[in-house]
Amino acid sequence: MIYFMTKKTKTAITPTRSENYPEWYQQVIKSSDMAEKSPVRGCMVIKPWGYAIWENIRNVLDGMLKATGVKNAYFPLFIPLSFLEKEAEHVEGFAKECAVVTHHRLEKNGEGGLIPAGKLNEPLVVRPTSETIIGDSFSKWVSSYRDLPILINQWANVVRWEMRTRIFLRTSEFLWQEGHTAHTTREEAVERTHLMLDIYAEFVEKYLAMPVVKGYKTPAERFPGAVDTMCIEAMMQDKKALQAGTSHFLGQNFSRSSGIIFQSASEQEEFAWTTSWGVSTRLIGGLIMAHSDDDGLVLPPKIASAHVVLLPIFRKPEEKTIVMEFTENLSNELKQIFYHNRRIEVEIDTREIGGARGWDWIKKGIPLRVEIGPRDIAQDSLFVGRRDQGHREKKSIKREEFIKTIKDILDEMQANLFERALAFQKDNTVLIDTKKEFYDFFIPENIDKPEIHGGFALSHWCGSENCESQIKTDLSVTIRSIPVNTKKENGKCVCCGKPADKRVVFAKAY
RNA sequence: CGGGGCGUGGCGCAACCUGGUAGCGCGCCUGCUUUGGGAGCAGGAAGUCGGAGGUUCAAAUCCUCUCGCCCCGACCA
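For the first sequence, counting from 1, position 400 maps to 399 in numbering that gives the first Met the number 0; every step adds exactly one.
Calculated from the structure, these hints are not laboratory results. Take these hints with a grain of salt, some might be off.
Distance windows between CB atoms, simulated [unchecked claim]:
(1) 88 - 39: 27 to 35 Å
(2) 323 - 378: 15 to 23 Å
(3) 415 - 487: 32 to 40 Å
(4) 473 - 68: 43 to 51 Å
(5) 403 - 264: 55 to 63 Å
(6) 186 - 421: 26 to 34 Å
(7) 61 - 463: 18 to 26 Å
(8) 54 - 354: 29 to 37 Å
(9) 323 - 388: 23 to 31 Å
(10) 395 - 358: 18 to 26 Å
Simulated crosslink set (EDC-like; lysine to aspartate or glutamate; CA at most 16 Å straight-line) [as the list claims (entries may be wrong)]:
(11) 9 - 359
(12) 85 - 135
(13) 29 - 292
Glycine included, each C-beta is placed from N, C-alpha and C at the ideal position.
Generate coordinates for the entire structure from the input sequences, incorporating the hints supplied.
Laid out in structure tokens, this is it:
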């Protein structure tokens, strides 16, 4: 192998994305101080810098949900085992990953330890999702068609005992919102399913700056118990797909099992039509993998934990007074500005001057870094670095100008991130029509240590579950969705060659 | 749960093969120096070597068991 003299650029994160993507992901989280592993297997501690992102997601999305008439409520963490047993497919889907509470007391074991005691008559399952317990409530709340629709959401934690966990992407416990609605007609429920998917897509694209593909899941990928599952899929920088949100049309399955029955205008007893939909802390994992670079986290301004960090620079004590006063004043002024309904959030870092201080904030992904020293103050200007640009591309900006344009700068960054992600997604989305080309696309050159490869393949699928599972077995590639905007186009199934009338999205997935 | 890899100060790693009681870089603390693009020098704090057992005069090192993490697979938001 030939090595050129080009000295490798020093990156804040090792390894880089191309060297080892999964390890890079871990390091970005560690060095941004967003979250850390906990003593509990598969569970994470979300630290303030990471939790702030979740709070921002929650605040924005909560408003968007409420704007469609949804109201928040809260249901129990514990679900009686008998509730889960009511919907056959639903149980089957979740049975393998349930945490079960069987006792309600601890007793001394005589050796300084404790043992569970007080066995429960009926075990309680820590909710993996709440269709059954919310369905039980709905059945009591509904008697007439006049009681419908019911539009409920809850922000909660859920537990799914996963075999393999990955911080933010798949943890045993995670935070989410789950919406549950009940309607008089099939049409209205289907419409709600679409509406919520649209809201998720809008939110993820406009706030998280992640372009998504809206689509339908195949039967094999459907939510257990759903008639139809819709999803938004985003492409990560390793070209894998991430399901960023789902919206389910549950038909009458859950109203049958929970007894959500209403009397219609024509005096008939009917089962309600229900939906459920959710997004989770997984979005934060997606955010990281969609935008971050080899210097660490990159946060879209609209959702960032904070917008700007002020880095005062002074050497002599007499400078300190001037610089700190200028900094405090600037901070107070910036905090008066509203950026997309949220005050500009300012951090001030008074630690010792040095490159390392600035690099910490680069690794934390804060959109703007503002250096303030005596020379800047003399010119009434600031030295500003943007996270979406190289770390050397800092510019001097007049203070007034900065205050006047900070919203525009942040909006421009937000737009840049989206455009960049969209271009990446487009560059790595290809039409594939032959089986050979399809397999070549998804097989890495180096099997032992796979390089970043693949992407979204838009290919024809005959609709058979055999072909779907064959491809999954061969390549660990799955049908991410049948896009809502897919057009009729005659072609051949990329697996079996039989006629098919539309393309679906194939990809490796998280 | 199967296959592979790895557990050593906060982070990243070395020492392990060939046993002799732990070292490096970054970070952290103190002091001095320094011209605002990842500062220099000096001093300092911090480690049950993942855990348990065994072999041995002696174990991070060898053996057995165990726990956890990461990657690949099956499952999933």
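Hints, verified against the model:
no.: 1; hint: 88 - 39: 27 to 35 Å; in the structure: holds (30 Å)
no.: 2; hint: 323 - 378: 15 to 23 Å; in the structure: holds (18 Å)
no.: 3; hint: 415 - 487: 32 to 40 Å; in the structure: holds (36 Å)
no.: 4; hint: 473 - 68: 43 to 51 Å; in the structure: holds (46 Å)
no.: 5; hint: 403 - 264: 55 to 63 Å; in the structure: holds (58 Å)
no.: 6; hint: 186 - 421: 26 to 34 Å; in the structure: holds (33 Å)
no.: 7; hint: 61 - 463: 18 to 26 Å; in the structure: violated (41 Å)
no.: 8; hint: 54 - 354: 29 to 37 Å; in the structure: holds (31 Å)
no.: 9; hint: 323 - 388: 23 to 31 Å; in the structure: holds (27 Å)
no.: 10; hint: 395 - 358: 18 to 26 Å; in the structure: holds (20 Å)
no.: 11; hint: 9 - 359; in the structure: holds (15 Å)
no.: 12; hint: 85 - 135; in the structure: holds (11 Å)
no.: 13; hint: 29 - 292; in the structure: holds (14 Å)
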